[in-house]
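Heads up: the sequence lines are chains A and B, in that order. Count along the first sequence starting at 1, add 1360, and that's the number in the numbering used here. Count along the second sequence starting at 1, add 102, and that's the number in the numbering used here.
Rather than coming from a laboratory, the hints here were simulated on the basis of the structure. For glycine and all other residues, C-beta sits at the position ideal for the given N, C-alpha and C. Among the hints, erroneous ones may be present.
To be verified - With a Cα cut of at most 16 angstroms, we get these calculated EDC-like pairs of lysine to aspartate or glutamate:
1. Lys291(B) - Glu1453(A)
2. Lys424(B) - Asp530(B)
3. Lys222(B) - Asp1393(A)
4. Lys222(B) - Glu1575(A)
5. Lys493(B) - Asp1393(A)
6. Lys183(B) - Glu170(B)
As the list claims (entries may be wrong) - Just the calculated beta-carbon pair ranges, DEER-fashion:
7. Ala469(B) - Trp1506(A): 18 to 28 angstroms
8. Gly1419(A) - Ser249(B): 37 to 47 angstroms
9. Ile1467(A) - Asp324(B): 27 to 37 angstroms
10. Val345(B) - His1483(A): 56 to 66 angstroms
11. Lys1488(A) - Glu479(B): 41 to 51 angstroms
12. Asn1627(A) - Asp449(B): 16 to 26 angstroms
13. Ser206(B) - Gly1419(A): 36 to 46 angstroms
14. Leu1519(A) - His552(B): 37 to 47 angstroms
Residue-level listing of the chains:
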Amino acid sequence: MHRYIFKRLLMLIPVLLGVVFIIFFIMDLAPGDPVYMVAGDQATEEELDALREQLGLSGNIFTRYFRYVNNMLHGDFGTSFVTKRDVFKTYMERLPNTIRLASLAMIIAIVVSIPLGIIAAVHQNSLKDTASMVLSLLGLSMPNFWLGLLLILVFSLRLGWLPSGGYTGFRSIILPALTVASGLAALLTRTTRSSMLDVIRQDYLRTARSKGVTERKVINKHALCNALIPIITVFGIQFSNVLGGSALAETVFSWPGVGRLVVDAINQRDIPTVTGALVMTTMLVSIVNLVVDIVYAYVDPRIKAQYTK
Amino acid sequence: MTVLRRLLTGVLCLSLILFIAAVPSQAAGYKDSVIIGTPLDITTTDPQGSNTDSNMILFIMTHETLVELDSDGKVVPGLAKFEVIDGNTYKFTLPANATFTDGSPCTTSDVKFTFERAQKSSFTSPKLSVLSGIEVVNDHEIILKTSQPSQEFLMQLAHRSLSILSEKAITAKGDAASNMGTGKYALEKWTPGDAISVVRYDGYHGEKAKTRRIELKLMKEDSSRVIALQTGEIDVCINLPPVEIDNVSTDPDLKLVQVPSVIMLYLTMNNTKPPFDNQKVRQALAHAVNKQDLITVGYDGLGTVHNNMINRGQFGLDPNLKVYDFNLDKAKALLAEAGYPNGFTFDLAYNGSERNLMAQVIQASFAKIGVKVSLQEMESAGLKSMLNERKHVTALYAWTDADGTDFTVRSMYYTGSGSNRSLIANKDIDKLIDDALVEPDVAKREAMYHKLEADLTEICPIIPLNTSIINIGTRAGVDGAVWLGTAKHDYREIHVAQ
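All chains, please: the whole structure from these sequences, using the hints.
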């Protein structure tokens, strides 16, 4: 198992190098020289050249790539063109907010979706099933920014229970987390339902029932445990997505997270911030994926056996 | 039970006392903290680090310039008193008790350091292009010399990017210490992309601020910003979207402030590229734009048609300037004279949703004279880069500076200037600009700018389009802020009566 984790961590290196190169390549394709954004309208050619050298923008894409990777390996993710602040520090200031939002959204999604998915599967084709599927369809269909504004109108403006935006403590996370959780819960409900439906018809459940095991135990212990792998997979993917930033929800709720940082940096052609933030997010997503793979092993002994081999 | 009740009551009373003690003391009858919701991000705390208007709002609070402009655009003393010795020599006297917000004294050495640093920055060096000598007389007196007489030198010194910085702090701690000035407020906390806050500096040499703390909170989403104002989470909502004006004006708890913007939107044409190198083509297009329609679609009707070559409120603006009326027949005739009877095709670059709507109106209008416009929507960084690299054909762009007329015309129309988006290169125009700058007689200088505007209108390097209305929503008790048409609002005296 330790060997497997070590191997996966080693695999991170080529992934990160590839990600950095793709970002460099895409940013290079975008029209316009970023040095003009930094220097202002009245800069002379000499000033522009000096600034290009100072900002590490001189040379071709490969020179800049190797220079960046070298600095990155020394823990230097560069300085923002716009704010002149250290990119690593800026990212780390935003990351806790994103983790808070992502974690609460995932907790809400799990608490809602797994029971709802189980009920839908156990009572297939009943009113409960239809109701839970309609709910999940609604959750998937509602655009995040629309739901966010609706929640603000009801809970902030009309009822005055919760703040409308910004990070001012636990109360301020509730609305953005609900907004982000709606889509996640919908997807997880559908996944839980279909996964449970696959398992629920298996012979070993029939055997368990015939041996007198209670229905609650059959569903919660035997069925759910075996249906968990696809649910964990979807959970991992969605958690990674939310960690990458929910730019729309973050904009509506003025939430100072990673998503808004990246979007703003792209709009301002702030290459060090875009590159640094995406590289760090890639690391984070890779770690989440690794954790998901390790969880597989604990949920399914067969997978653990494979890792051990 | 009685014991428990007593215990609970005791705990409750104690909590109440502790809570009251924890609340910061407030200046007589004013709210402790004012929160301003803004869609515009502060990107630097160094006054010499950018020309962005939203940043200037911060520097007005935290820093001071030697001189300032009053509401009529007249130069008045700022940090220093000033005396014009002759056309090329200016003397400034700093107050003896001026200190930076770390308590260290502000002396003329800091002024010299600031201007020498500014001369090395591409953002600020154009403003000091005529500064030729700095002579420190003593700790409080300094003499600035210019290489030629300039009627706008003092006006340029009032620009917030020339705020006085601490030599000692920057030398010891580096550029990061440029966030400290001699202003009424000191920087408290800056979280880029989220919020920036300042706190009152009690050692300020002049009258102290009424509000202890001001926070500028970045809220990019219009609806969220308005709702935050309605719920009282923020006290001021900058750039209220037109659709929300009724909601604010009819709410007794809120107040609507409307300020005519002086920021001119214009259509620039690259005068070096055909067919825009032909004056008649440019004039034809000027006749084919219905400027009022642009205001209707872009600003929901809240704006003013602009025909002048400089911003409204600037010295020398000619109210009787020739106007290119909306006349498609004249436009077609001019196109035929220019050799384009069947029109032509070109790209129009722009950014933002308002300008997207306006670009569509221009496209439809030009189609009526046979000119096909290919719309090229870009993000602001891309558009600015393209303009600075001179790769554009035409673009919708804005001129925001409204202080010095010379700065405006020199930036926009002088040969080779960085902000000369039309790339006009005309020696007569350059000479007029140079002559007007050194002309000491006010009436003659005004007449020179009238002539300059008339000549520019004839050459038509750009088509001035319109200015908008700046809509601001505030809570009912908010007072003291100076709302400016340049959008560089002055919050130093903002307060909310309790």
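Compare the distance between the alpha carbons of Lys493(B) and Asp1393(A) with 16 angstroms, and conclude whether the hinted pair is satisfied.
With a Cα-Cα distance of about 11 angstroms, the restraint between Lys493(B) and Asp1393(A) holds, given a limit of 16 angstroms.
Holds or violated: Lys222(B) with Glu1575(A), Cα cutoff 16 angstroms?
Violated - the C-alpha atoms of Glu1575(A) and Lys222(B) are around 79 angstroms apart, more than 16 angstroms.
Hint check: Lys291(B) vs Glu1453(A), CA-CA at most 16 angstroms. Holds or violated?
Roughly 13 angstroms separates the two Cα atoms, so the pair holds.
Is Lys183(B) within 16 angstroms of Glu170(B), Cα to Cα?
10 angstroms, holds
Between Leu1519(A) and His552(B), is the Cβ distance one that fits in 37 to 47 angstroms?
60 angstroms Cβ-Cβ, so the 37 to 47 angstroms window is violated.
Please check whether Gly1419(A) and Ser249(B) have a Cβ separation lying inside 37 to 47 angstroms.
With a Cβ separation near 38 angstroms, Gly1419(A) and Ser249(B) satisfy 37 to 47 angstroms, so the hint holds.
Starting from the hint 27 to 37 angstroms, judge whether the C-beta atoms of Ile1467(A) and Asp324(B) obey it.
Between Ile1467(A) and Asp324(B), where Cβ atoms are some 31 angstroms apart, the hint holds.
CB-CB spacing for Gly1419(A) and Ser206(B) relative to the 36 to 46 angstroms hint
42 angstroms, holds
Whether the CB-CB distance between Lys1488(A) and Glu479(B) falls inside 41 to 51 angstroms
48 angstroms, holds
Taking 18 to 28 angstroms as the hint, is the beta-carbon distance of Ala469(B) and Trp1506(A) inside that range?
35 angstroms, violated
Falls inside 56 to 66 angstroms, the C-beta gap from Val345(B) to His1483(A)?
Cβ of Val345(B) to Cβ of His1483(A): about 46 angstroms, so the range 56 to 66 angstroms is violated.
Do Asn1627(A) and Asp449(B) keep their Cβ atoms within the hinted range of 16 to 26 angstroms?
21 angstroms, holds
Consistency with the previously given hints fails for numbers 2, 3, 4, 7, 10 and 14, ordered from lowest to highest.
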